[in-house]
Amino acid sequence: MCFKKPKIPFDQLFDSEKDPLPHGGATDLFVRVVWALTEEEEEAMVRKIQKAFGG
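All letters in the sequence shown, in the order written, are residues 150 to 204 by the working numbering.
Accuracy of the hints is not assured; some may be wrong.
Said to hold, decoys possible - Ranges between beta-carbon positions, derived for each pair:
1) 200 <-> 173: 12 to 20 angstroms
2) 202 <-> 179: 32 to 40 angstroms
3) 166 <-> 201: 16 to 24 angstroms
4) 169 <-> 202: 34 to 42 angstroms
5) 178 <-> 199: 28 to 36 angstroms
Hints listed in this document are in silico derivations from the structure and should not be mistaken for laboratory results.
What you are looking at is a predicted structure, and each value in this text was computed from that prediction instead of being measured.
For each residue, glycine too, the CB sits at the ideal point set by N, CA and C.
All chains, full assembly: derive it from the sequences and hints.
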């Protein structure tokens, strides 16, 4: 079975050298951004972890 690489819309292209996901996120096998964290979401996650571990 052979998989064809789908055409990726320009606004979904991810270049880890030029435009990393600064607050975290994920890409699929074809390097399209699947989800990304905003700064606020990252801060909330860090607060939850610190609270859970008494930090």
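Going down the list of hints, with the structure as the test:
no., hint, result
1, 200 <-> 173: 12 to 20 angstroms, "19 angstroms, holds"
2, 202 <-> 179: 32 to 40 angstroms, "36 angstroms, holds"
3, 166 <-> 201: 16 to 24 angstroms, "34 angstroms, violated"
4, 169 <-> 202: 34 to 42 angstroms, "27 angstroms, violated"
5, 178 <-> 199: 28 to 36 angstroms, "33 angstroms, holds"
Taken one by one, the earlier hints fail for this structure at numbers 3, 4, listed in ascending order.
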